[in-house]
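Go ahead and model the full structure; you've got the sequences and the hints to work with.
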Amino acid sequence: MTSQQRIPIIVSGAYGRMGSAIIRLASERQDFEIVGLLERPERIKERPPMTIRGKEIPLVSDLKELHSPAGTVLIEFTTPAATRTHASLASQHNLKLVSGTTGLSDTDLAALHDAARTTAVLWASNMSLGVTVLTALVEQLARRLQHFDIEIVEMHHRLKRDAPSGTALTLAQAAARGRALSLEEAARFGRKGMVGPRHAEEIGIHAVRGGDVVGDHTVIFAGEGERVEITHRAHSRDTFAAGALEAARFLADKSRGFYSMRDVLGL
Numbered sequence: 001m002t003s004q005q006r007i008p009i010i011v012s013g014a015y016g017r018m019g020s021a022i023i024r025l026a027s028e029r030q031d032f033e034i035v036g037l038l039e040r041p042e043r044i045k046e047r048p049p050m051t052i053r054g055k056e057i058p059l060v061s062d063l064k065e066l067h068s069p070a071g072t073v074l075i076e077f078t079t080p081a082a083t084r085t086h087a088s089l090a091s092q093h094n095l096k097l098v099s100g101t102t103g104l105s106d107t108d109l110a111a112l113h114d115a116a117r118t119t120a121v122l123w124a125s126n127m128s129l130g131v132t133v134l135t136a137l138v139e140q141l142a143r144r145l146q147h148f149d150i151e152i153v154e155m156h157h158r159l160k161r162d163a164p165s166g167t168a169l170t171l172a173q174a175a176a177r178g179r180a181l182s183l184e185e186a187a188r189f190g191r192k193g194m195v196g197p198r199h200a201e202e203i204g205i206h207a208v209r210g211g212d213v214v215g216d217h218t219v220i221f222a223g224e225g226e227r228v229e230i231t232h233r234a235h236s237r238d239t240f241a242a243g244a245l246e247a248a249r250f251l252a253d254k255s256r257g258f259y260s261m262r263d264v265l266g267l
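Using my numbering, you'd call the opening residue of the sequence shown number 1 and step up by one each time.
To be clear, the hints were calculated from the coordinates, so they are not data collected in a lab. Backbone N, C-alpha and C define an ideal beta-carbon position, used for all residues, glycine too. Certain hints may be false.
Using 27 Å as the maximum straight-line C-alpha spacing, the simulated DSS-like pairs for lysine-lysine come out as follows [as the list claims (entries may be wrong)]:
hint, residue 1, residue 2
1, 55, 45
2, 64, 192
3, 64, 45
4, 192, 45
5, 160, 192
The following label-pair restraints were derived from C-beta to C-beta distances [unchecked claim]:
hint, residue 1, residue 2, range
6, 190, 69, 41 to 51 Å
7, 267, 190, 41 to 51 Å
8, 46, 143, 44 to 54 Å
9, 117, 200, 14 to 24 Å
10, 184, 137, 20 to 30 Å
11, 255, 184, 30 to 40 Å
12, 42, 227, 19 to 29 Å
So, in structure tokens, the structure goes:
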């Protein structure tokens, strides 16, 4: 496959955990061409230039410094503030955008939707193909098992900043859709003290932090005399990196619009 046939990508947060995984996987594949890397200025000073396939890749702190071929996809797992900036720049410079940033507010998501009016944007709180299928399944089970109580438990490494995880919230939203509930009204974030009996329309969401856990999510449907538990465990960040590359491939022939990983899998 020639460089003209490869999908050009820019990776933001190049020296972060997710950025490094995406760069490594993309450099091992023949269907992607890394045309640029983004990082904070202080991190650029600390690291040597990056060479991939014998070619030094431009590493900058300002996206406007990069030359982006037609069809370039910007992949970012960063912070909400950075995501807002990337959404605006992607729209201005005709870049497609794959975002896996979590902890986004309604304002942050609105920025992504605004960008999707002029370019193709895919956002997901979890790029794992397995979690994507799990989310669809949770919605179906919530709809079918109307008299079962729903509780969600997630665990991540001690360094994760936001809680509960974006994936837990996505799963909770899927459960709420299945029950035709407002998640804002149904969500119960942990319990403490004399909270009284559980209400039927509650969706419990619980966060655990510790060690180096990449990401565990369990959705519990608790009924009378039986219980259904579905668990997804991510053993490596490569799982999310591979999903991000599949998302970039999906956007390759899209000109505009807002998409999710469910679109990638046709769910």
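Notebook entry, point to check: Hint by hint, which ones does the structure fall short of?
Noted result: Per hint list: 2, 4, 7, 9, 12 violated.
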